[in-house]
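Residue numbers (the working numbering), protein chains in the order written: chain S, 1 to 358; chain A, 1 to 358; chain Z, 1 to 358; chain B, 1 to 358.
It is possible that some hints are incorrect.
Identical copies carry no separate label here, and so any pair may be met within one copy or between two of them.
[Unchecked claim] Here are the computed lysine to aspartate or glutamate pairs in the DMTMM-like style, where the Cα-Cα straight-line distance is at most 20 Å:
(1) Lys-86 to Glu-64
(2) Lys-19 to Glu-64
(3) Lys-62 to Glu-200
(4) Lys-273 to Asp-167
(5) Lys-19 to Glu-188
(6) Lys-196 to Glu-259
(7) Lys-306 to Glu-259
(8) Lys-198 to Asp-37
I should point out that these hints are in silico values taken from the structure, not numbers from a laboratory.
Number of protein chains: 4
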Amino acid sequence: MNTLGNIFRITSFGESHGKAVGVVIDGCPPLLEINIDFIQHQLNKRRPGQSELTTARNEEDKLEIISGVFEGVSTGAPIMLLIQNKDSNSDDYHSLKEVYRPSHADYTYQQKYGIRDHRGGGRSSARITAGWVAAGAIAKLILNIQKISVTAYVKQIHKIALEIPYDQIDLSLIESNPVRCPNPETAERMIQEIFKAKNEGDSLGGIISCLIQNCPVGVGEPVFDKLNAKLSHAIMSINAVKGIQFGDGFNSINFKGSELNDALTLDNSGNIKTLSNHSGGIQGGISNGEAIYFETAFKPTATIGKEQKTVDTKGNETILSAKGRHDPCVLPRAVPIVEAMAACVIADLILAQKAYSL
Amino acid sequence: MNTLGNIFRITSFGESHGKAVGVVIDGCPPLLEINIDFIQHQLNKRRPGQSELTTARNEEDKLEIISGVFEGVSTGAPIMLLIQNKDSNSDDYHSLKEVYRPSHADYTYQQKYGIRDHRGGGRSSARITAGWVAAGAIAKLILNIQKISVTAYVKQIHKIALEIPYDQIDLSLIESNPVRCPNPETAERMIQEIFKAKNEGDSLGGIISCLIQNCPVGVGEPVFDKLNAKLSHAIMSINAVKGIQFGDGFNSINFKGSELNDALTLDNSGNIKTLSNHSGGIQGGISNGEAIYFETAFKPTATIGKEQKTVDTKGNETILSAKGRHDPCVLPRAVPIVEAMAACVIADLILAQKAYSL
Amino acid sequence: MNTLGNIFRITSFGESHGKAVGVVIDGCPPLLEINIDFIQHQLNKRRPGQSELTTARNEEDKLEIISGVFEGVSTGAPIMLLIQNKDSNSDDYHSLKEVYRPSHADYTYQQKYGIRDHRGGGRSSARITAGWVAAGAIAKLILNIQKISVTAYVKQIHKIALEIPYDQIDLSLIESNPVRCPNPETAERMIQEIFKAKNEGDSLGGIISCLIQNCPVGVGEPVFDKLNAKLSHAIMSINAVKGIQFGDGFNSINFKGSELNDALTLDNSGNIKTLSNHSGGIQGGISNGEAIYFETAFKPTATIGKEQKTVDTKGNETILSAKGRHDPCVLPRAVPIVEAMAACVIADLILAQKAYSL
Amino acid sequence: MNTLGNIFRITSFGESHGKAVGVVIDGCPPLLEINIDFIQHQLNKRRPGQSELTTARNEEDKLEIISGVFEGVSTGAPIMLLIQNKDSNSDDYHSLKEVYRPSHADYTYQQKYGIRDHRGGGRSSARITAGWVAAGAIAKLILNIQKISVTAYVKQIHKIALEIPYDQIDLSLIESNPVRCPNPETAERMIQEIFKAKNEGDSLGGIISCLIQNCPVGVGEPVFDKLNAKLSHAIMSINAVKGIQFGDGFNSINFKGSELNDALTLDNSGNIKTLSNHSGGIQGGISNGEAIYFETAFKPTATIGKEQKTVDTKGNETILSAKGRHDPCVLPRAVPIVEAMAACVIADLILAQKAYSL
């Protein structure tokens with residue numbers, strides 16, 4: 001299934017080295033102002049070649065709106081967003097046609113489908129997330145109307161972590177550096193670590209944090225479209241993600257119920273608030289009005305320059321020394337992808353909540 | 001949405017203190033032998049009152065098959081499984097009608113729906129997972145045909161962890177103790193820890209590990225029905241789950257690509273295998289033939305005996321001292337739930353893989 | 001798939017001679033007053049044994065609400081409605097275990113599933129529509145809030161037709177006779193025709209008309225959830241239906257565009273209306289504010305007393321002389337089923353229209 | 001919803017005068033040989049400007065495959081098919097910006113969405129069916145493997161009908177004339193009738209018959225994905241369709257059960273067959289191995305040259321005299337559309353049947 005969502009539905013298509021990647025958005029409400037610059041801006045944050053930290057593949061990633069928008073606003077018809085592949089250099093990948101890269105999807109695609117488009121990873125490439133980011137930008141335009149924001153940042157690269165809690169972070173600093181860590185000093189150390197790995201022909205993973213602010217109470221559809229379940233589904237769809245946790249997540253187990261429960265209280269206006277937010281803004285699969293917070297673990301990029309043991313398509317053991325252009329660390333470019341997927345989920349559930357009313 | 005799955009679809013219904021809980025399974029292949037004892041056995045593992053570690057609510061949880069089975073086998077028609085509520089004692093919950101329990105779904109349900117069935121948590125109660133476990137048992141019967149097994153166990157309770165890797169564990173020991181940890185010594189310490197928390201009127205969380213063995217290569221549908229994405233969706237639907245990670249998960253970030261990649265090799269029969277399994281058996285959202293492994297974090301039970309600050313439904317701050325029957329630690333009873341959800345996902349994707357063929 | 005609808009979703013289960021039939025309704029908005037008498041009243045109209053025109057099977061069809069309703073209103077949780085089978089007499093069907101009834105689903109179910117529950121037709125029996133009627137009653141309660149009505153009646157039995165156009169009919173007369181034709185004189189002739197067929201061991205088909213009044217403009221989701229497409233899907237799900245037509249339907253082809261187009265005009269209040277309603281209230285798959293009108297063709301009941309050539313399950317030609325209890329003409333009892341399916345579709349689309357808004 | 005199907009899913013996008021129309025096909029099995037000439041050939045049958053019977057809009061309708069095909073075969077990834085709009089002349093439609101055409105979707109779209117792309121009908125134009133025909137061609141390639149054929153033809157234009165039953169027709173004659181009626185003499189009369197209407201500034205409707213041959217027993221998923229229900233849904237999605245009937249359809253009611261039942265017998269090879277096919281090849285929503293046959297009623301084209309009373313967008317009554325290019329009778333070009341939608345449904349259900357097996 002290449003479709004995600006029930007009301008706000010995105011259908012993804014395209015391959016790394018095919019003609020284009022893109023997305024069809026179905027269920028976007030009509031009369032939404034489609035700010036093309038905003039969408040392109042989101043795409044630019046994911047664009048390869050944006051800094052020395054990323055792959056050398058140079059794609060302009062220029063957005064084309066093929067349908068669903070008329071005189072600057074959505075019409076209620078499907079919005080098709082297309083991003084052409086311009087700098088796909090399949091020659092780099094020719095040598096990969098007959099070898100399975102370790103910890104890549106080469107072998108699993110071949111076994112599942114009996115065929116694989118080996119050029120740049122084909123359908124399994126993260127290049128297809130360009131379409132997702134474009135869709136997420138439309139979702140953000142919907143959320144903007146209600147002042148809901150979705151903001152992700154790099155919290156950890158390999159062993160270099162930003163130890164400041166999400167609610168003490170200056171989010172305006174995220175875009176101040178190419179690694180998208182909202183702390184210039186930590187960012188600088190992360191950048192050095194990435195360059196070091198790059199020079200070693202190696203790769204690094206890390207953690208991206210995501211914060212959804214101003215989401216109203218009541219978003220999320222029990223029992224199988226819980227807000228955290230749908231966010232997990234969408235985030236786990238991103239290449240290289242190996243884990244997700246909400247609020248205190250795995251660290252929750254180090255506390256007892258009496259320590260971890262988020263006591264309810266009243267704010268000055270008499271509104272119900274929690275005294276803490278260990279749960280990450282979700283109770284019973286439904287937003288509780290507090291900040292929604294989750295963290296995502298990305299494994300190190302599977303493509304590395306170093307030699308690796310592997311097997312070729314004819315069933316012989318061999319040694320792989322990867323060429324091709326790739327990111328030594330995907331996290332900086334994954335920040336807009338995490339935001340996009342989260343925004344799509346929230347938009348979907350916000351619209352669902354409208355439906356279920358008399 | 002109370003339906004999960006595309007091909008093998010389960011639709012959940014029921015409340016904690018209503019007449020019954022249950023599930024409709026649609027898409028179960030015909031001619032499956034429906035072993036009622038096996039299903040009941042799975043239900044018994046989730047049953048309240050099974051040991052002193054669990055809630056005192058005493059439900060027999062007797063399975064009734066209402067439809068879809070004829071002369072002992074499935075017919076291809078929907079299988080409706082019903083479990084009556086017998087020992088619901090709503091009086092215990094009367095005092096909760098007008099108060100919101102911290103870190104429970106009371107407040108979010110009320111805000112979302114404008115009404116809530118407060119009796120035992122209503123729809124938000126984990127009691128509804130009885131239906132899921134019954135559905136998971138049917139899924140396991142499907143998987144049994146291909147010798148695929150789904151096995152979960154308690155890996156950690158609060159700070160007491162089983163440090164043995166999954167592939168060195170004697171799974172036959174899981175049911176040897178009421179806490180379902182496959183190491184008697186660690187289990188005993190966990191049990192003591194739970195009793196201690198119970199006596200303090202407190203609660204504990206922990207980690208459940210899940211292992212899926214003998215799953216063939218090729219299961220999982222990119223890009224939005226990836227095996228890990230669908231497993232995350234299903235597992236995150238379980239009450240109290242705050243995180244999920246596959247393979248090395250969050251620990252992946254402590255390694256470089258050259259250390260974490262699972263090199264490919266050939267086994268003695270010439271079949272492709274990996275030398276390690278840091279990825280947890282999934283590449284590109286598709287099973288690679290290795291053991292599928294994931295871990296799930298459960299927060300401590302939100303219901304505790306200790307006094308807590310909270311707010312009542314009239315908007316006054318108050319102190320809650322919970323009565324009602326509850327588990328000081330849900331993990332022992334959550335083991336069959338994790339297995340059930342995982343089994344439903346695998347069965348769904350195994351059937352999907354059959355569909356997409358010429 | 002035993003689920004119908006996107007927002008207001010019904011999942012059907014049960015067999016003719018199993019323990020029960022029923023339905024799970026997911027997506028019913030919360031706070032809907034659940035009038036049990038109203039639901040039971042709809043069920044009574046479908047109930048077997050209600051008049052001498054129908055099968056002798058005597059089922060009370062007593063509604064049980066198992067979940068989703070608390071203190072008289074819907075909670076937003078799935079509503080499970082159960083109707084027990086009390087008077088299933090499987091002995092009558094014993095002789096049918098090894099023979100395929102002509103124009104029944106016996107042979108196709110056997111071939112598709114490799115097994116069939118032969119007792120009373122099993123899953124292929126129209127008995128399962130009892131659950132649909134109950135679900136349709138809930139849908140009607142939703143529509144009632146907006147004063148939308150769904151009314152079906154028998155327009156034709158075999159060659160006896162009510163020639164009066166839908167907009168000149170006194171709908172209050174529908175329930176004045178057991179055949180549910182809103183013209184006492186025509187009804188009487190229909191009744192006689194049915195008795196005649198019954199006495200001959202034969203069966204009759206006919207046409208049911210359905211009228212949806214007061215539906216607002218804008219209901220229906222192009223391009224694949226068009227109002228007429230979804231209505232057709234739902235109505236074609238009813239046993240014995242062989243055709244459906246909207247507005248002038250097949251008769252449209254006898255007119256030219258200039259004759260058939262529904263010219264637009266203004267009513268006294270300045271609202272846009274059409275001067276005619278050849279289109280049956282739908283343009284481009286969306287309601288236009290006029291009465292929605294469609295007709296449905298039911299073939300004669302396949303079960304007849306007369307001898308028929310057929311084949312048994314061992315592959316021998318044989319002669320069938322059906323026993324069992326059956327209706328000589330299903331139309332009187334199909335009237336509430338048509339209404340129910342139409343109501344479910346309209347409710348689903350009314351809720352969808354709420355979702356797609358900023 | 002702009003997506004149709006469960007396993008073989010098509011997602012439609014595009015507008016009449018936008019940049020392009022197209023479709024994303026998800027769920028196409030891998031390793032299907034994608035014969036581009038075949039797809040283009042199907043598109044050519046729907047292409048405007050193919051004969052003097054059709055609109056003067058001249059579109060080459062050249063197929064572009066954007067994704068999902070590698071080295072001539074499907075890869076299992078979504079297949080995106082694009083058809084650019086080249087000859088959209090929006091000037092013709094400028095005068096329609098502020099007027100609602102009778103029996104068109106202008107008014108309903110405006111009311112539903114609060115906006116409409118008036119150029120050539122925007123999303124409500126039958127131009128978008130070009131994408132459907134392309135998708136249907138892929139579906140036919142799947143069906144070809146099992147030798148299943150889907151063949152439609154014009155059976156009636158206005159009052160000129162081909163009275164020969166489907167099983168006595170020489171299907172090879174369908175493409176022998178521009179009206180696609182498999183009887184040259186009747187075709188000639190139809191053509192004259194269409195020219196006459198065209199000259200009068202008027203339009204005609206008619207009936208398209210569709211025949212699905214060699215479909216195996218067992219296709220169709222009770223109870224809500226019945227073969228006839230899904231076919232009806234898909235066919236009713238086509239512009240201008242007002243009715244559908246299977247087998248004897250509405251004419252069934254003129255017969256008694258004893259006359260209409262399809263008696264079962266054995267053929268020379270001992271296989272079960274029916275002696276007649278009044279049911280149109282479907283019993284209980286499942287194919288029975290006989291020819292599947294249905295008829296579809298198309299109303300006359302709503303766009304006519306003659307003057308019509310209508311209302312403008314400012315709410316004034318006015319007289320419309322339509323310009324723009326349009327077909328006086330859509331049936332010849334609708335033949336490939338009917339085939340395409342039927343092929344998509346059959347392919348979807350054929351794949352579903354594979355899934356539901358142990």
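Verification of the hints:
For the identical chains of this complex, Lys-86 and Glu-64 are neighbours both inside a copy (14 Å) and across copies (17 Å), given an alpha-carbon limit of 20 Å. In the homo-oligomer, the alpha carbons of Lys-19 and Glu-64 lie at most 20 Å apart both inside one protomer (13 Å) and across protomers (10 Å), since each shortest distance falls under that limit. Proximity of Lys-62 and Glu-200 under a CA criterion of 20 Å is satisfied in neither setting, with 33 Å inside one chain copy and 49 Å between copies. Taking the shortest alpha-carbon separations for Lys-273 and Asp-167, only the intra-copy value of 15 Å comes in at or below 20 Å, while the best inter-copy value is 45 Å.
For a Cα distance limit of 20 Å, the shortest separation of Lys-19 from Glu-188 qualifies neither inside one copy, at 37 Å, nor across copies, at 45 Å. Taking CA atoms no more than 20 Å apart as the test, Lys-196 paired with Glu-259 passes between copies only; the shortest distance there is 15 Å, against 41 Å inside one copy. When the C-alpha separation of Lys-306 and Glu-259 is checked against a cutoff of 20 Å, the pair qualifies only between copies, where the shortest distance is 11 Å, while the shortest distance within a copy is 46 Å. For the identical chains of this complex, Lys-198 and Asp-37 are neighbours neither inside a copy (32 Å) nor across copies (47 Å), given an alpha-carbon limit of 20 Å.
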